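Chains as they are written, first to last, in the working numbering: chain A, 1 to 551; chain B, 1 to 79; chain C, 1 to 467.
Possibly wrong hints are sitting among the right ones.
Claimed, not checked - Per label pair, the in silico range of CB-to-CB distance: (1) C:Phe92 - A:Trp73: 26 to 36 Å; (2) C:Phe54 - A:Arg48: 36 to 46 Å; (3) B:Ala28 - C:Phe148: 51 to 61 Å; (4) B:Glu70 - C:Lys145: 22 to 32 Å; (5) B:Glu70 - C:Gly71: 14 to 24 Å; (6) C:Pro416 - B:Glu35: 15 to 25 Å; (7) C:Ile352 - B:Thr30: 45 to 55 Å; (8) A:Leu21 - C:Asn25: 24 to 34 Å; (9) B:Asp27 - C:Thr173: 21 to 31 Å; (10) C:Pro419 - A:Asn285: 55 to 65 Å; (11) A:Leu25 - C:Leu431: 17 to 27 Å; (12) C:Phe54 - B:Thr58: 21 to 31 Å; (13) C:Gly388 - A:Ser57: 57 to 67 Å.
Calculated from the structure, these hints are not laboratory results. Model, not experiment: these values are computed from the prediction. Think of the CB as a built atom: it goes at the ideal place given N, C-alpha and C, for glycine as much as any other residue.
Each chain, written out:
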Amino acid sequence: MADEMTPKKKRRFAFGRVNVLVTGLAAAFIALFLLIAKRPEISELEKRRLAAFPEFSVKTLFNGEFASGLHEWYVDTVPNRDGLQLIGADILALRGFHPEEGVIHGYVPRSEETQYVPSTDPVTDPPETEPVTEPETEAETLPEGETAPVTEPSSEPVTEPVTEPVTEPVIIPETEEIIDRDKLPDEDEGLQNGILVYKKRAINFYGGSLYYADRYVNALERFYNDLGGKVNVWSMTAPTGVSYYLPDKYAGYTQNQKEHVDYIAGKLNHAKNVDVYGALDRHKNEDIYFRTDHHWAPLGAYYAAQEFAKTAGVPFAPLSQMQECVIPNYVGSMYMYTNYDPTLKKYPDDIVYHKPKNNYECWFYDTNIQNGYQTSYFRNDNTYCVFIGTDLTMVHLKTDVKNGRKLMIIKDSYGNALAPYLVNSFEEIWVVDMRYLNVNPVKIMKEYGTTDLLFCTNLFSCCSDVEQYIDYIRSIPYTLNLPETEPVTEPVTEPVTEPVTEPITEPITEPVTESVTEPVTEGPGPDPDETDPGEDETSGDAEETEGGEEA
Amino acid sequence: MTRTAVYEKLNKVFRDVFDDDSITVNDATTANDIEDWDSLEHINLMTSVQKAFKVKLTMGEISGLKNVGELVDILEKRA
Amino acid sequence: MIFSDLFFLYLFLPLCLICYYVTKNPRFRNAVLIVFSLIFYAFGEPKWILLLLFISVNDFFLAKGIAKYRGKTAGKVLLGAGLIFDIVLLLFFKFSGPILGFTDKLFGASTDASNFLLPVGLSFFLFKSISYLLDVTWEKVEPEKNYFRYLLYISLFTQVVAGPIVRYADVETELLDRSATSEDLNQGVNRIVAGLAKKVIIADNLLPAADDLLGEALPDTAVVGVWLGVLFYTLYVFYDFAGYSDMAIGISRLFGFHIKENFNYPFVCRTIAEFWQRWHISLGSFFRDYLLYVPIFGEPRKYAGLFLVWFSTGLWHGSHWNYIIWGLYFGVFILIETLIGKKKLKKVPTWIMHIYTKLVLILGFGIFRFEKLSDLGLFFKGLVGLNGNGFIDEFAKSAFIQNAVLLALGILFCFPIVPKLQEKCMENEKLRPVCGTLTIVLNAVLLIACSILLVNASSHPFLYANY
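Whole structure, please, built from the sequences with the hints as guidance.
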């Protein structure tokens, strides 16, 4: 009896021991991996800088900051973080089903906004007095991290002539540079309003408010007045894909973009509406919006540009006169916003974009319109960042068109895809982002003799928060020097080669390593002759990536 | 009081409280053995025991009993 | 620090195990555990460590005095002092925030009540302290002679954050010395992985699903959505806390501590009373042993005791009204069950009892969730369709479809399937190797999967660490 029992018992114990051994080894392996493998500093997936190793001091030790910092660093900078997160996303996808007939991510509060009755007549707002102080406070109350980057817009009146050049450029905190700012507001909106994934397409429910639409209109009127009525002000409120692709049964979850677009068009006074809603509607069966990204596709931007050119009375180059480029397998921002919906990963987009064939120069500046250098508008990037790369870059395009029309586009990221289609339509185009610009655009326009000002934003931001940025940039004092008046202080070096594989490093390294190319004296904008040979390399650009890796 | 006498009286209390004449308790009986004996009914039981034996049990004694045997130990000493 | 955390699992715990098993000397081992426990507790918020130390010193000396003057007035005074100290401390930290908030509103002052944080695990280790003092008074245990062993009891990192509320009597001998057999290690590993999976795979994903339906969208959620949301939430609370308890028990076992179960498949209960014998057992038994029989007007009283226990259970969970309602809500159902009597309840068909209990529980966890009474009102209206959102909509359907597998797993593991399978394996000689291998593979796979998911999750604190 006893003899029989022993082997049985032994066998049972053996399983237990092997269990402890195997699980222990797995744990030891993971522990070792976490301990010795290289830790990343940035997350490409989340577009942010990861937690840094905490500074040690007696004080931080005893108030607990060191310990929490250590913990945060350890769990935030896990080796191969991005790769593991994507595996995690695949595991998470197993929690349920993702039928193509549609799943909703996030939550969907229903709209109550439509009954909003606008209060005051937009134009009666006194143009000069209010914006000076108001935008500042508003900028401060923007949600997390959305405060405009300038730290000290002075409180002097806008009109006061400024004699002293500002000595130091405003420094943007490091963390803000790396964040792809164009995604932050949209991300929040997207999550707040829910995203429907229907037939391989992510559709963000629209939740804008007419209250903000009013404010947007008012802000545009103030711009018109600032410019002394001499500049054509255009308003392009780009609808998001929800207007064209939402199945009827989900109609109750979104507000009607058409109503809001028409509302704005009806309210505009001196600024003129560009009816892109109708233009896009006519082409909704083409690929005018990405399925996996919250932006419009370049083709959508093309039709919008066409409509704008028609409205503004400028020439326009059809697609046949442009060079088509394709970036395949693009899984866009919606993949993250939907908490990694597997359908989107399975059916990626192609980015089909077009390069102008006429002669033009493209100059990149920082948010202070400093440190300019000539480069290619199209970046070595296999995402939507192929346009300009980052919203922190302000662009000046100088073309071979001679029609006396000079354009400034004050935009959010929707504008990035738009500008190339207007290179055949204007002599000059400034492309500045309303959320990051640190210079008063009115000052730039007066300096460069701009004739047309185009506001290009998606309707969702337009009817939620964009007006705060517009008012803010308008309130920046005219203190900053534009490129041509700036004395050359730093050696002129070349924009080094563009980062090849890692799009994310671009915003970080660019302002740092690529120092000023300063055209010294003449002309509106920097002179190409004085600058670098590097241009040739960079303008070869994006084709190299076209074979590109998966996003 | 002898242990037998305690049991005699105690069985009567149990049968009264739980309304079941088939109950007979011994040293090893616990709350698990009598269906209705839960922590709430325990209060009624203890109140009845205190009345029947004319003793006062402390809260520690009431809450700490492991089985009937322990209760009988206490009652044997005091009643 | 929490258990379901890469830092804890792969840095803190291995270091602690290595230091612990370097020696066989029980004193050294205790020293290792104390040092690691204090680091664990102080991590990130060191100031409260002083409170923990103070309570342990206070208890240690009080208990000695209580034992010395047992049965005399001095003993009673010392006990009273200790209890009042513990209770006042608990009430102070739990309610000073809300009270400050209230007085702020009253006087327009600003003491910034939101900064007033509850020391982590306070409710748990103060209850340990109370049970110790009472047990010493009632001669269930003799006071600990060595301060450091008592400190180890109070501060042991496997229980300090969210219980279980281990009794001193249950670990008295193991505080002295203990050894973990290979079976302990085996079971410990199984419990840790099981707990981690409950927390990381199930609980952490159920919560966002519940939040989508019951969060800001609550006024717009259709009837089915509200029910689904509260079902998600109920399961979330269970898996969050049961997962934590599994890990606490498993980690303790790696060091040779044997801790009583805190959960015993609560949702298979037939009555609400039974639910509370299976849910958060260490808390329920605490209230039973130390509060239910408290003399009211000279002697313990059934209904007053019942009220006291359920009022306190509610209060213990938080200072908002909904928790008190929640506690009394359970008290009412237990009262009704008592009035009907067990024998009659037994005659009711099982399926009716299950529908009744599950309904009561799910509604109960709805009450548990909504701290704002206005939200609670919306919730109840939503359950019966008074918010005007219809019976079912695409949003609710979508929430179900996307989490269907998770929900199925969540419901499945509410039943004691794993123990049943293990039993089968034990009976059948041929099945044993299959089960053994399966356990090993599952543990490794789950551990790796959970670790990967932890990379994604920025921070999912355990719900019960707030109490």
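These are the hints, each one checked on the structure:
1. Between phenylalanine 92 of chain C and tryptophan 73 of chain A, the C-beta spacing of about 35 Å keeps the proposed range 26 to 36 Å intact.
2. Between phenylalanine 54 of chain C and arginine 48 of chain A, the C-beta spacing of about 41 Å keeps the proposed range 36 to 46 Å intact.
3. Between alanine 28 of chain B and phenylalanine 148 of chain C the beta carbon distance is about 39 Å. The supplied range of 51 to 61 Å is therefore violated.
4. A beta carbon spacing of about 26 Å between glutamate 70 of chain B and lysine 145 of chain C agrees with the range 22 to 32 Å that was offered as a hint.
5. Distance hint check for glutamate 70 of chain B and glycine 71 of chain C: the Cβ-Cβ separation is about 19 Å, which falls inside the suggested range of 14 to 24 Å.
6. Proline 416 of chain C and glutamate 35 of chain B have their C-beta atoms about 22 Å apart, which keeps the hinted 15 to 25 Å range intact.
7. Checked against the given bound of 45 to 55 Å, the beta carbons of isoleucine 352 of chain C and threonine 30 of chain B, roughly 30 Å apart, lie outside it.
8. Roughly 26 Å separates the CB atoms of leucine 21 of chain A and asparagine 25 of chain C, a value that falls within the hinted 24 to 34 Å.
9. Take aspartate 27 of chain B and threonine 173 of chain C: their Cβ atoms lie about 25 Å apart, and the range 21 to 31 Å holds.
10. A beta carbon spacing of about 59 Å between proline 419 of chain C and asparagine 285 of chain A agrees with the range 55 to 65 Å that was offered as a hint.
11. Leucine 25 of chain A and leucine 431 of chain C have their C-beta atoms about 26 Å apart, which keeps the hinted 17 to 27 Å range intact.
12. At about 30 Å, the beta-carbon gap between phenylalanine 54 of chain C and threonine 58 of chain B stays in the expected band of 21 to 31 Å.
13. Separated by about 58 Å at the C-beta atoms, glycine 388 of chain C and serine 57 of chain A satisfy the suggested range of 57 to 67 Å.
The structure fails to meet hints 3, 7 from the earlier list, while all remaining hints are met.
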